[in-house]
Amino acid sequence: MNSTTLPTSPVAPRDFALAAPAGASGWTNVWAIAGVVIKELCRRKDFYVLFVLTALITLVMGSVDIFSEGGIVRYLKEICLFLIWISSLVIAITTTARQLPAERENRTLFPLLAKPVTRNQVLIGKFLGCWMACGLALGMFYLFLGVMAGAREHVWPVLGYAQAAVLHWFMLGIVCAMSLAGSIVFAAPSSNSTITFVVCVGILLLARRMNEVALGLSEPAQTIVYGIYFALPHLELFDARDLLVHNWGAIPWGIWAGALGYAAVHAALFLGIACALFRRKAIN
Amino acid sequence: MASGGADPGDVSVSMSDVILKLEHLRVEYRSRELGQETKQALNGLTLAVHRGEVFGFLGPNGAGKTTTMNVLLGFVPATAGDAWIFDVNVRQPIARQRIGYLPEMTYYYKFLTAEETLRFYAKIFRIPKGEVDSRIEAVLKLVELHHARNRPIKTYSKGMQQRVGLAQALINNPDLLILDEPTSGLDPLGRMKVREIIQRLRNEGKTVFFSSHELGEVETVCDRVAILHQGELKAEGRVNELVRHYKLDNLEQVFLKIIGYNELNDPSNLAGRAA
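Protein chains in written order, with the working numbering: chain X, 1 to 284; chain C, 1 to 275.
Just chain X, same shape as in the assembly (with noise of 0.2 Å):
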């Protein structure tokens, strides 16, 4: 065996963190858990199958041609940003519904845990992850959309590509913070994802409509579907592929500003209630 002994340093740094405001030492925990989520999703093959997926039907779409159809791009924008959509949600789902059944099941969670970190700081830290992994594959996907849209269209509506990408990256946050939710209330990721998709894209379908069949209904049928219309994440909100498709003006930012607090305080919502649910879980 090798006589390295472990150095000291002369400033006492085992108890480094102990002088540090604790502030500043649970954001760096959190943003060193959620640096290990990005990493994993960089390593991993998925993000890459879709995207790669989604380049390659874009671009066969593109290159035929259709009854020599001059607005043959705008389909060609609708079936991406489609494409985009799915791809999103089965990334962000996906993603996030593993991160702690996988910590359980590998037993990562017990080093993690046996050091100073909360379990508010790991959950904060596994959502800012998966929150931000959404947010690069986002990037690379709207890159590819706006250059492709563009070299057919020659017109360049940045603005409108960057608020249409960031509404869809907050709305990426709620679903991120339901799926990291129902990671802890469902112990196979599969069941949580299967629930997860099925329950945004529900929202994503029929959510708008929601108050239309309230007005139809009797009470109390009327009351609860209201309340439900009500208290539902309304996902639909951030969908602002027509805005791309008709090339129409930007969003006007009070709304655009309006749309990212709504998923501010849903994220914030279904954050608190899977820590309040992590919290109460012996780790055993």
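Be aware that one or more of the hints could be misleading.
Stated by the list, open to error - With a straight-line Cα cutoff of 30 Å, these simulated DSS-like cross-link-like pairs (lysine-lysine) come out:
#1 C:K141 with X:K39
#2 C:K154 with X:K45
#3 C:K39 with C:K21
#4 C:K158 with X:K39
#5 C:K154 with X:K281
#6 X:K39 with C:K123
#7 C:K21 with C:K123
#8 X:K281 with C:K21
#9 X:K39 with C:K110
#10 X:K45 with C:K158
#11 X:K281 with C:K123
#12 C:K129 with X:K39
#13 C:K141 with C:K129
#14 C:K234 with C:K21
#15 C:K110 with X:K281
#16 C:K39 with X:K281
#17 X:K45 with C:K110
#18 C:K39 with C:K234
#19 X:K39 with C:K154
#20 C:K123 with X:K45
FYI, nobody ran anything at the bench for these hints, they're computed from the structure. All figures in this text were calculated on a predicted structure; none of them were measured in a lab.
Chain C: place on chain X using the hints.
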């Protein structure tokens, strides 16, 4: 409870500041199934480990060793009683700032390399950036993994993974090491290496609290031992004093006597029960 009380004149005991303290610790696990009784994993465990000691924590499977460690590390809340590390209640995360922990048969983030893993844990301990490289270098050399530092952990053998575990437990230069069956699943060479590391840490004045089923190894390495059975502390003291107290030849025989193995297998008892 039998106690092989320590000699007051002994040097190691004269440095008697308590590093780890358990007082009347009780842990109950509630069953989720209806009609199932709660399982008492620990029952009034009181224990103290002093600075610079290598303390062996023994007991058969299900005795409550891992539960005790889980309480010390804040994974499981105690039903009653309390535990302190460096005079800080284990419910506070900061109690874990000066400890290193090696779980039994653990796995690390397989997509990270050993160096990235250690860098991650170093960040959590807020080790100053200027020191991180030298620490990583030192612990990787100590566990003899410096040649494989840039390979993903998924390519490591079981023994190498266990050594990554030791390296992460040592990255913060801890004053107290909690090792849960550190040699479990290792080949004889791996065991010898882990034993050497424990002995070296003792020479550096570290406190080591470890559980093991390898009684020969415990006899060689430990200053004091505690034997747990069915959640209760049955014996505590120096190995030679316990052996003398029970008038037996070695720790293994003491262990077997305490957990009642000899009585169960005594031919006269068997004959009596058959009659």
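Hints, verified against the model:
Between K141 of chain C and K39 of chain X the alpha-carbon distance is near 25 Å, which keeps this suggested pair within the 30 Å criterion. A hinted pair counts as satisfied when its Cα atoms are at most 30 Å apart, and K154 of chain C with K45 of chain X qualifies at roughly 16 Å. The straight-line distance between the Cα atoms of K39 of chain C and K21 of chain C is roughly 24 Å, inside the 30 Å bound, and the hint therefore holds. Note on K158 of chain C and K39 of chain X: the hinted pairing holds, with a Cα-Cα distance of about 23 Å set against a maximum of 30 Å.
Pair hint K154 of chain C plus K281 of chain X holds up; C-alpha atoms about 29 Å apart against a cutoff of 30 Å. For a cut-off of 30 Å, the pair hint linking K39 of chain X to K123 of chain C stands: about 15 Å separates their Cα positions. Of the pairs offered as hints, the one joining K21 of chain C and K123 of chain C holds, with about 28 Å between alpha carbons and a cut-off of 30 Å not exceeded. With a CA separation close to 25 Å, the supplied pair K281 of chain X and K21 of chain C stays within the 30 Å bound.
Proximity of K39 of chain X to K110 of chain C is assessed by CA-CA distance (about 11 Å); at most 30 Å being required, the pair is judged to hold. Note on K45 of chain X and K158 of chain C: the hinted pairing holds, with a Cα-Cα distance of about 25 Å set against a maximum of 30 Å. As the CA atoms of K281 of chain X and K123 of chain C are separated by approximately 26 Å, the hinted pair is consistent with the 30 Å bound. Restraint check for K129 of chain C and K39 of chain X: the C-alpha separation of about 20 Å stays at or below 30 Å, so the hint holds.
With a C-alpha separation of about 19 Å, the suggested pair K141 of chain C and K129 of chain C falls inside the 30 Å cut-off, and the hint holds. Distance check on the hinted pair: K234 of chain C and K21 of chain C sit about 17 Å apart at the alpha-carbon level, within 30 Å; holds. For the suggested pair K110 of chain C and K281 of chain X, the alpha carbons sit about 25 Å apart, so the restraint of at most 30 Å is met. For a cut-off of 30 Å, the pair hint linking K39 of chain C to K281 of chain X stands: about 17 Å separates their Cα positions.
Proposed proximity of K45 of chain X and K110 of chain C is supported: the alpha carbons are some 15 Å apart, at most 30 Å. Simply put, K39 of chain C and K234 of chain C have alpha-carbon atoms about 19 Å apart, close enough for the 30 Å limit, and the pair holds. Restraint check for K39 of chain X and K154 of chain C: the C-alpha separation of about 15 Å stays at or below 30 Å, so the hint holds. With a CA separation close to 27 Å, the supplied pair K123 of chain C and K45 of chain X stays within the 30 Å bound.
The structure is consistent with each of the numbered hints, conforming to all of them.
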